[in-house]
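These are the residues of each chain, in order.
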Amino acid sequence: MARIVAGVGTSHTPAIGAAVDNGKTDQPYWQPVFKGYEPARQWMAKTRPDVIVMVYNDHVNAFDLKMIPTFALGCAEEFTIADEGWGPRPVPVVKGYPELAAHLVQSLVLDEFDMTIVNEMQVDHGLTVPLTLLCGAPAEWPCRVIPLAVNVVQYPAPTGRRCYQLGQAIRRAVESWEEDLTVVVFGTGGMSHQIQGPRAGLTNPAFDKAFLDDLSRDPQRLTGIPPIEYLREAGAEAIELVMWLLMRGALGAKVEEVYRFYHIPASSTAVGNIILESR
Amino acid sequence: MADRPYEDIPGTWIFDAERARAGYHLNQFLYTLMKAENRKAFLADERAYLSKFKLSEAQREAVLQRKWNRLLELGAVVYALAKLAFTDGRSYQYMAAQMTGMTEKEYVDMMLQGGRSPEGWRFKSQRESH
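Protein chains in written order, with my numbering: chain A, 1 to 279; chain B, 280 to 409.
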């Protein structure tokens, strides 16, 4: 049986990817970020998942505004890297798992989550920066990745509660797959940040700390946070945190927090990283 | 009309259905800047390149003058807008600083000191007293 053993919450700030790609990780600005992720990288190397379900959002790269799926599951053999405006990141092509992805789609739709099926798409920093942070810069990514793209670009994003419920359905779907596989679910984006308008640069460490605390202590409180509260308290782009709730929903009732890191800044964002193991 | 409580957040343009409609062609123009040959063609003759898209006069002028906040107001989604900054060889941070009216150094310093507190930035009425 396939099993979801853990979840990883992490920011996906594009400047972090650029720092790696341009050899700046030892600079004083970036050094604390990469040092902070070192234990998570070690955890990842030890855990060696067969598959990552990567919950992320596209940033008007795979999807222009012609079509904006709320929940889209990547079912392709592989996903090439998007040119977001400065050339594609020099990272390996992302290998998918079409058979398992097809099973997830079937299970989720019959479980009443109406997924969009994507058989061809490019992936952007939302997916590749978390891989870089947790896996470093290998010649090939160490495991297969099933992308789950969530619309957080056009308001409204799906609610935190809906994301959490979809996570629960993903757990059911994974556990009904016969092959013995170790699966880790990533929830990416956030934490507090605003990258637009005169209010750009907003951060809210108190909001972020409470969010990190309650992922293990009281996820039900987090699922009740209304969209306006993310926008007003934690910045226009902090709505990405609903994707962490999707990850949390996939871990079952009980989790143990095994690692946490928090740092300001990476470009305009508060960076957060948490590892939660299912118990 | 849909409920839009986020319109009361100062210094912020939430990209909702109304802005998406107003900004559709603007964003589809920005999306073309994902290709290197299009970035080159745009920079070679911006007006000619823009004439291929159904932009309003106000949107066209705001693109030519890189009026970032005005573009947000006219329906640009910030992730698409970033492609215009990248086409200019600028960083995201450069564009964000310009949106705030700070120099890039002032903006970077603010972030290094922990970022902008939400205090005084939750409601538009809080800015009017400043």
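Misleading hints may appear alongside valid ones.
To be verified - Label pairs and their computed distance ranges (CB to CB):
| id | chain 1 | residue 1 | chain 2 | residue 2 | range |
| --- | --- | --- | --- | --- | --- |
| 1 | B | His-304 | A | Glu-120 | 39 to 47 angstroms |
| 2 | A | Glu-78 | B | Lys-384 | 24 to 32 angstroms |
| 3 | B | Ala-315 | A | Ala-137 | 17 to 25 angstroms |
| 4 | A | Thr-47 | B | Leu-343 | 48 to 56 angstroms |
| 5 | A | Pro-28 | B | Asp-282 | 44 to 52 angstroms |
| 6 | B | Ala-301 | A | Gln-220 | 34 to 42 angstroms |
| 7 | B | Asp-388 | A | Lys-209 | 19 to 27 angstroms |
Unchecked claim - List of simulated lysine-lysine pairs, BS3-like, C-alpha gap at most 25 angstroms:
| id | chain 1 | residue 1 | chain 2 | residue 2 |
| --- | --- | --- | --- | --- |
| 8 | B | Lys-346 | B | Lys-333 |
| 9 | A | Lys-95 | B | Lys-331 |
| 10 | A | Lys-35 | A | Lys-46 |
| 11 | A | Lys-46 | A | Lys-254 |
| 12 | B | Lys-319 | B | Lys-384 |
| 13 | B | Lys-331 | B | Lys-384 |
| 14 | B | Lys-403 | A | Lys-66 |
| 15 | B | Lys-384 | A | Lys-24 |
| 16 | B | Lys-346 | B | Lys-319 |
| 17 | B | Lys-333 | A | Lys-66 |
| 18 | B | Lys-333 | B | Lys-314 |
| 19 | A | Lys-209 | A | Lys-254 |
| 20 | A | Lys-66 | B | Lys-331 |
| 21 | B | Lys-346 | B | Lys-314 |
| 22 | A | Lys-66 | A | Lys-35 |
I should point out that these hints are in silico values taken from the structure, not numbers from a laboratory.
Since the model is a prediction, treat every value here as computed from it, not as a measurement.
Where a beta carbon is used, it is the ideal one built from N, C-alpha and C, also for glycine.
Item to check | 25 angstroms Cα cutoff - pair Lys-346 of chain B, Lys-319 of chain B | outcome: 21 angstroms, holds
Checklist entry - Do Asp-388 of chain B and Lys-209 of chain A keep their Cβ atoms within the hinted range of 19 to 27 angstroms? => result 24 angstroms, holds
Item to check | Hint check for Glu-120 of chain A and His-304 of chain B - Cβ pair distance inside 39 to 47 angstroms | outcome: 25 angstroms, violated
Next on the checklist: Check the hint pairing Lys-95 of chain A with Lys-331 of chain B against an upper bound of 25 angstroms on the C-alpha distance.
Outcome noted: 37 angstroms, violated
Item to check | Agreement of Lys-319 of chain B and Lys-384 of chain B with the hint, judged by alpha carbon distance not exceeding 25 angstroms | outcome: 29 angstroms, violated
Checklist entry - Are Lys-346 of chain B and Lys-333 of chain B close enough, with their CA atoms no more than 25 angstroms apart? => result 18 angstroms, holds
Next on the checklist: Please verify whether Lys-209 of chain A and Lys-254 of chain A have alpha carbons no more than 25 angstroms apart.
Outcome noted: 20 angstroms, holds
Checklist entry - How does the Cβ-Cβ distance of Ala-315 of chain B and Ala-137 of chain A compare with 17 to 25 angstroms: does it lie in that range? => result At 24 angstroms between Cβs, range holds.
Next on the checklist: Given the hint of 44 to 52 angstroms, is the C-beta distance from Pro-28 of chain A to Asp-282 of chain B inside that range or not?
Outcome noted: Between Pro-28 of chain A and Asp-282 of chain B, where Cβ atoms are some 46 angstroms apart, the hint holds.
Checklist entry - Do Thr-47 of chain A and Leu-343 of chain B keep their Cβ atoms within the hinted range of 48 to 56 angstroms? => result 51 angstroms, holds
Item to check | Cβ distance range 34 to 42 angstroms for Ala-301 of chain B and Gln-220 of chain A, holds or violated | outcome: 38 angstroms, holds
Checklist entry - Is Lys-333 of chain B close enough to Lys-66 of chain A, meaning Cα to Cα at most 25 angstroms? => result Between Lys-333 of chain B and Lys-66 of chain A the Cα gap is close to 15 angstroms, so the pair holds against 25 angstroms.
The structure fails to meet hints 1, 2, 9, 12, 13, 14, 22 from the earlier list, while all remaining hints are met.
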